[in-house]
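Visitor: Please model the complete structure; the sequences and the hints are all you need to start from.
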Amino acid sequence: MISIAERINGMFKDVREAIKNKDPKVIRELAIKQTEAGASYLDVNVGTATADPVSAMKWLIEVIQDTVKTPIAIDSQKFDVVKAGLSVIKNDVLINSAKGDPEELDKYMTVAKEYNASLICLTMDKCGIPQDVEKRMEFAMRIVEKAVEHDFELSKIFIDPVLFPINVDQKQPALMFDIFNQIKMISDPPPHRNVGLSNFSQGTKEKKLLARTFLIMGIPYGLDAAVMDVLDKDLMDAAITAEVIMNQYLYSDSYLTACRK
Amino acid sequence: MEIPNVADKWSGGVCEITIGATRDKGGSRQKTVTIGGSRCIPFMDFEGNPGGKPLVAMDVHDVPPEDWPETLKKPFADVLNDPAKWAKKCVEEYGADIICLKLDGIHPDKGNKNADDAVKTVKSVLAAVGVPLIIWGCEDDEKDNEVMPKVSQAAKGENCLIGVVSQDNYKTLTVTCLADGHSIITMAPVDINIGKQVNILVSEMDFPLNRIVMFQSTGALGYGMEYTYSIQERERLAALTGDKMMSMPVICDVGHEAWRTKEAKSEDSEVPQWGTREERGPMWEAITAISLLQSGVDIIRMNHPKAVAAVKKCIDRLYS
Numbered sequence: 001m002i003s004i005a006e007r008i009n010g011m012f013k014d015v016r017e018a019i020k021n022k023d024p025k026v027i028r029e030l031a032i033k034q035t036e037a038g039a040s041y042l043d044v045n046v047g048t049a050t051a052d053p054v055s056a057m058k059w060l061i062e063v064i065q066d067t068v069k070t071p072i073a074i075d076s077q078k079f080d081v082v083k084a085g086l087s088v089i090k091n092d093v094l095i096n097s098a099k100g101d102p103e104e105l106d107k108y109m110t111v112a113k114e115y116n117a118s119l120i121c122l123t124m125d126k127c128g129i130p131q132d133v134e135k136r137m138e139f140a141m142r143i144v145e146k147a148v149e150h151d152f153e154l155s156k157i158f159i160d161p162v163l164f165p166i167n168v169d170q171k172q173p174a175l176m177f178d179i180f181n182q183i184k185m186i187s188d189p190p191p192h193r194n195v196g197l198s199n200f201s202q203g204t205k206e207k208k209l210l211a212r213t214f215l216i217m218g219i220p221y222g223l224d225a226a227v228m229d230v231l232d233k234d235l236m237d238a239a240i241t242a243e244v245i246m247n248q249y250l251y252s253d254s255y256l257t258a259c260r261k
Numbered sequence: 001m002e003i004p005n006v007a008d009k010w011s012g013g014v015c016e017i018t019i020g021a022t023r024d025k026g027g028s029r030q031k032t033v034t035i036g037g038s039r040c041i042p043f044m045d046f047e048g049n050p051g052g053k054p055l056v057a058m059d060v061h062d063v064p065p066e067d068w069p070e071t072l073k074k075p076f077a078d079v080l081n082d083p084a085k086w087a088k089k090c091v092e093e094y095g096a097d098i099i100c101l102k103l104d105g106i107h108p109d110k111g112n113k114n115a116d117d118a119v120k121t122v123k124s125v126l127a128a129v130g131v132p133l134i135i136w137g138c139e140d141d142e143k144d145n146e147v148m149p150k151v152s153q154a155a156k157g158e159n160c161l162i163g164v165v166s167q168d169n170y171k172t173l174t175v176t177c178l179a180d181g182h183s184i185i186t187m188a189p190v191d192i193n194i195g196k197q198v199n200i201l202v203s204e205m206d207f208p209l210n211r212i213v214m215f216q217s218t219g220a221l222g223y224g225m226e227y228t229y230s231i232q233e234r235e236r237l238a239a240l241t242g243d244k245m246m247s248m249p250v251i252c253d254v255g256h257e258a259w260r261t262k263e264a265k266s267e268d269s270e271v272p273q274w275g276t277r278e279e280r281g282p283m284w285e286a287i288t289a290i291s292l293l294q295s296g297v298d299i300i301r302m303n304h305p306k307a308v309a310a311v312k313k314c315i316d317r318l319y320s
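Residue numbers (the working numbering), protein chains in the order written: chain S, 1 to 261; chain P, 1 to 320.
There's no promise every hint is true.
[Unchecked claim] Residues of chain P placed beyond 10 Å of chain S at every Cβ, according to the derived structure:
no.: 1; residue: P149
no.: 2; residue: P189
no.: 3; residue: Q197
[As the list claims (entries may be wrong)] Simulated crosslink set (EDC-like; lysine to aspartate or glutamate; CA at most 16 Å straight-line):
no.: 4; chain 1: P; residue 1: K74; chain 2: P; residue 2: E270
no.: 5; chain 1: P; residue 1: K9; chain 2: S; residue 2: E153
no.: 6; chain 1: P; residue 1: K9; chain 2: S; residue 2: D132
Calculated directly from the structure, the hints in this document are not laboratory data.
Just so you know, even glycine gets a beta-carbon here, dropped at the ideal spot from N, CA and C.
Guide: This is the structure we're talking about:
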């Protein structure tokens, strides 16, 4: 499972305060805690904490890189913020995210290639999010075509079919499994299949249980990446266990210890 | 017709391990060997780096082996009582890449020699040859835990490969090898899940993954070789797909197993239709070794010089 740790986000109060006061302590702690919990990437999102998101993004990335070596996922809808983040990156990096409009994909793939970055692409465009499997797969095809056109490594593309919160549209989550399956067969090697897991269960009373159950259900269909709460140990252990059950890792009595590393 | 490219791309590989230490590295070996490093299915170098050549370790026993048939004793007849001379002969006459010193004599049922005897033997072999050393205990947990730490200490700095540790007995030897700078052999009896488990247990004691060699116990041709083969094949595939806890090089004990078989041992008069024992035995050993090589093996323990020569020739051909 490629786990993109969500906690360094200006939407959270402690992070928002830290950005405002340029106080690195909270950020360092979150970087270390999420790394120790097994994060593959640390998502960095400045949220609405500041009027100057460009310098806030650079500052956050510098503080994190000073603390841990974990690769960073630059999370912003603003292209200039993404570019500013890329300019200070030292290790591997993931861009979160580009929409599926052709011109947007061109723009993001060009800059991602320049920095050897991986890229999350959403199956949506400026007109909105499709409601069905077929439209989402059209976007997925377009993303793969664009990647081929740009000579972009498909193993560095993450396709995100945009998972709705369960309390917004309950028909949507069940469609995802078919989509993961289809994306897996779209090319060889296929792009990764990513979702925003906490977004799916936000505002519900059983937030953790819903996120965990969706993840476990998605893994057999090919879900292999998620923006998620890596500090939720049950969630991380469930993901590892589901992957062992699917024979993606060799079982041993201490498989949890081994995979947590 | 265009032939499709079926080469696989692998995300992982086998760790590289150097055994032996020269004078400038704190040891006294004249040469070291590096095994592992493969990033492809064995001998399919069009998929990736094939890594180091598999090496042949020749067995030397601390006491003359009781169960060896005449065919096997003959090439060593003048040295069976002297492990140092035996090791020298293996290296100088028979081309052993490594010496595997098997401390059978410390086993409670096979002589029950003490730690001082074992240390003396180890030192004499280290002095006699310049190649790296594997030191293999008697596989009696209690006795190994008593003797092997002293042996390890006596060879401190030589970067030997010492074994074996198992799921139920790993702590003493792991701590010792860590302290004395040796690499270690983890053993699981034809069980891939336990194999991984031992690696995890040893690594949890802060033992570096790139100083571990795996041993799955070996079956000879006709005696379970296919079980060993399929497990080693799965181990190699796990390493290539990025499982760090299975990314260690592999060692096989071919000599001992092949020479226990009736096909290798039986007298010519008992089975005249099988051909002469002089040919049969080495052939049984060589075929077992060459077959297992295809599954992904980095060190093969062997006995008969004829079999050693055949296997080394085969490895060279596959690697040229």
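Visitor: Against this structure, judge whether each hint is valid.
Guide: Going down the list of hints, with the structure as the test:
no.	hint	in the structure
1	P149	25 Å, holds
2	P189	14 Å, holds
3	Q197	4 Å, violated
4	P:K74 / P:E270	20 Å, violated
5	P:K9 / S:E153	13 Å, holds
6	P:K9 / S:D132	34 Å, violated
Of the hints listed earlier, those the structure fails to meet are numbers 3, 4 and 6, in rising order.
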